[in-house]
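A.B. asks: Generate the whole structure from the sequences, applying the supplied hints.
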Amino acid sequence: MTTAHNEPPKGRAQVTIPDQDPSVTSSRVLPEVCVRVHVDGPAEPVIGMNGSPQTPADPFGVLWTRNVVAGSPLAEHVAEARRIPAAHTGTTRWSYDPQAAQRTLRDNPASLGARFEPWNRACSDMTEHACTLLTAINQARSRPGGSLIWPAPIEMSDDSAGAILARARTGANEGRTTKSHPWICTDPLWTEVMSEFGLTGVASLPSVAMGAWWMAHLANDYQDWRQDYLSMLDYTFYFEYNVDTATFGRRRAEQILRDLNRLWDMDGLSAELQVRRLHMTSSMAFFDTKRKHEAILRRRPTDGLTAWVHRDRDWWRDFKAQDSGAWAHFLSFVEGEAGRDDMMLTGVTNDWVDLGPDLRNDECNQSVLAMTRGSVTTAALLQCYERSVWMINAQFTTDGTVRPDRYAACMGTIGTCFWEMCNHRHDLWRYYALAVGACAEAAARDLYKACQLADCYTSDLEPREPADTTSLTVPRRLLSYEVVVAGDRHTGQVALHTAVCDAVDSGVLPLDIVIYAYVVPTLLRDGKIASSDFLSYMDSAYCANFATVVRSGHACAFSDLYCRAIASLVMEQWWCGMYFAIGLGSLIEAQPGKTAGDRAHEVER
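Position one of the sequence shown corresponds to residue 1 (the UniProt record's numbering), numbered consecutively onward.
Estimated spans, in silico, between C-beta atoms of each pair:
| id | residue 1 | residue 2 | range |
| --- | --- | --- | --- |
| 1 | 152 | 68 | 46 to 52 Å |
| 2 | 463 | 397 | 22 to 28 Å |
| 3 | 335 | 458 | 22 to 28 Å |
| 4 | 189 | 463 | 40 to 46 Å |
| 5 | 108 | 189 | 45 to 51 Å |
Hints in this document: simulated from the structure, not taken from any laboratory.
Note that the structure is a prediction, hence the values are computed from the model and not measured.
For glycine and all other residues, C-beta sits at the position ideal for the given N, C-alpha and C.
C.D. replies: What follows is the structure, encoded as structure tokens:
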């Protein structure tokens, strides 16, 4: 089939970039991604700022429910929470206490039922390991020489990665970053989607909307209001780094904390939902510790050339898993080591996009640098990339479909990639344009093996060849497209997973999403469009794509056909080397900065 995809919506400002370089020149540094894609939006980030005249009245409101769950127990609970201005609305007198939740999981893992014990013990172990490593990191920052984890200068080489690092070191970014703090989206297309499905308040923030109200629903843990309750559990992950330190006002922050507590404190929750709440609450013990450490160090200069090296593979895996934010869904993950690996993978996918920014911000939980043991040579990164893909492949059957027992986990991994494409924060298309030639290097590797972490890394986190793996055979067919970029019409066909083609043919997955995520990037890779035209197109269509992604998921109630197509589309990006190019390109951000510089903290007045 052929569907026309026209130019980005009229009225959108086109970003003009020199053809020879889509990112930076010595005379001009690009604005942050949210400024470029949202020219008519707020002048300042919302989280960490006091807002602007265009900020919605309550961009942090959480006491609301979607239209589709009207009349449900959850809707009634939220309505009561709005009516009663009390710290608690439930009779259970539950309260948000991460340390107490961690103690419950550790000391009485069967308290809510023996069937939950394996997941409760795993959650407790991972939280304990992660918090122990945070303490070790904090000590290593002042007293180097620890045995669990230590900082080390990165290894560089005269190669494609080294060339981008060299540009970063010679001031290509002029000390700035194009990664944005969290913003709202005021695009009329997004406003329409919010109104259509009853999204409001925090859904104004694309980071929260994509994470809690799109990505979380891909998992399909439930088919009713309980899935919305999990979305509300997910809120804390997106707020934790900011909610009690950001400069939108102490009173406002305290109100958000009270409202979140009231949301979670719901009467009549099943044991299963209570366990999910317990997992999410316990995980916040890690985030609370990490945030406090980073807040103390927020003015500490970084050199952009330091990585954190781990001694133990499984402790690092638990450390990365703890940072995933997917704990409301952990009970849907497979039991055992594979489930713990899956929790880690959501972070691994994000860390390829954040490789350069994490060097700038001295991020202690950077998984790519952990798996390369501090090397950013092209060879080491290629070795890490193929293993990253192998581990994601393990969530699929040999015929390239999502494994039923790892469905929720796979959707967390895959959903993270779309979150990066739509959250108005990560500048991944700029990074991609910078290093698009590297796609071929990655695609030349065997990216269809499937194995677990322990198969491809030794116990001390050294890469090794897996002894026994399976391989994916991906069913593909041709999908026709038509797209206009910079006034030129491009038509053709691309070979894509049949799950993608079937979903497009059925109307469940808009072809526009495929064109934005895969076709136009492929046109750049194949030299059919200029890098300046590519970035101008991607920036100008950004908000429209975000709105289309969220609308399409809610319109089909996150059907199995839709979710599997999304998973297959993202894997096509990984298999063609797209995320390797994004990772290499992100090294343009590897410059001196400040610890946790991508977090919002209280500004002293």
